[in-house]
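Asks: Take the given structure of chain U and dock chain Y to it, following the hints.
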Amino acid sequence: QQQVKQSPQSLIVQKGGISIINCAYENTAFDYFPWYQQFPGKGPALLIAIRPDVSEKKEGRFTISFNKSAKQFSLHIMDSQPGDSATYFCAASISSGANNLFFGTGTRLTVIP
Amino acid sequence: GAGVSQTPSNKVTEKGKYVELRCDPISGHTALYWYRQSLGQGPEFLIYFQGTGAADDSGLPNDRFFAVRPEGSVSTLKIQRTERGDSAVYLCASSLTRGGTEAFFGQGTRLTVV
Chain U
1 QQQVKQSPQS LIVQKGGISI INCAYENTAF DYFPWYQQFP GKGPALLIAI
51 RPDVSEKKEG RFTISFNKSA KQFSLHIMDS QPGDSATYFC AASISSGANN
101 LFFGTGTRLT VIP
Chain Y
1001 GAGVSQTPSN KVTEKGKYVE LRCDPISGHT ALYWYRQSLG QGPEFLIYFQ
1051 GTGAADDSGL PNDRFFAVRP EGSVSTLKIQ RTERGDSAVY LCASSLTRGG
1101 TEAFFGQGTR LTVV
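Chains U and Y are the protein sequences, given in the same order.
Under our numbering, the residues of the first sequence are numbered 1 to 113, in order.
Under our numbering, the residues of the second sequence are numbered 1001 to 1114, in order.
No lab work stands behind these hints: they were computed from the structure.
There is no bait here: all hints are sound.
For lysine-lysine, the following BS3-like pairs were computed, each having C-alpha atoms within a straight-line distance of at most 25 angstroms:
no., chain 1, residue 1, chain 2, residue 2
1, U, K42, Y, K1078
2, Y, K1011, U, K42
3, U, K57, U, K68
4, U, K58, U, K5
5, U, K57, U, K71
6, Y, K1017, Y, K1078
All values reported here derive from a predicted model rather than from experimental measurement.
Isolated chain U, as found in the complex (with noise of 0.2 angstroms):
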């Protein structure tokens, strides 16, 4: 069972549009929700992450919104640019650090110039 379910699985852009990228899940329990940024042959890197007891965070072009009752979270790609173009992934986990996260199946974004 998908712990954490994400879409749209593929995403095209037009190159300063922006990019939204929708999580959701179930266990009430998850209290960190991370986003990585994955470029082929490479690790996931850390992009931002929230935890519940904010509805939003921001960190340059890159915002996350939360709803706390709809068990949702979002990540927002403001002026999206074509380094931008990745695969993403949503993640939640009980605790902080890399302990046991239930990660996203992942966006591939395209933005194209």
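Replies: What follows is chain Y alone, placed relative to chain U:
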């Protein structure tokens, strides 16, 4: 500075053989994690070490999989009697401590069982 290093980067082995995958974490990181990523999927947790001990091995799929970290630094993931279904990218990550700090992933070892 040096990141998490995994060797080999690629490993092809025959079904039934034994393989060892190595992970060199970032110096000073006490927490180390192994994940497995199948094609088109997100990583799946295998095992977590805090120092030399396996603090959580709940993700190991069966007893053919075993991991050690004898001196609290380098870790080796060992797979016995490999099966074609074991083919995946095996990722290692490390963090300074267990909680509250970022974990850094290596580039992974791509294991192919033929």
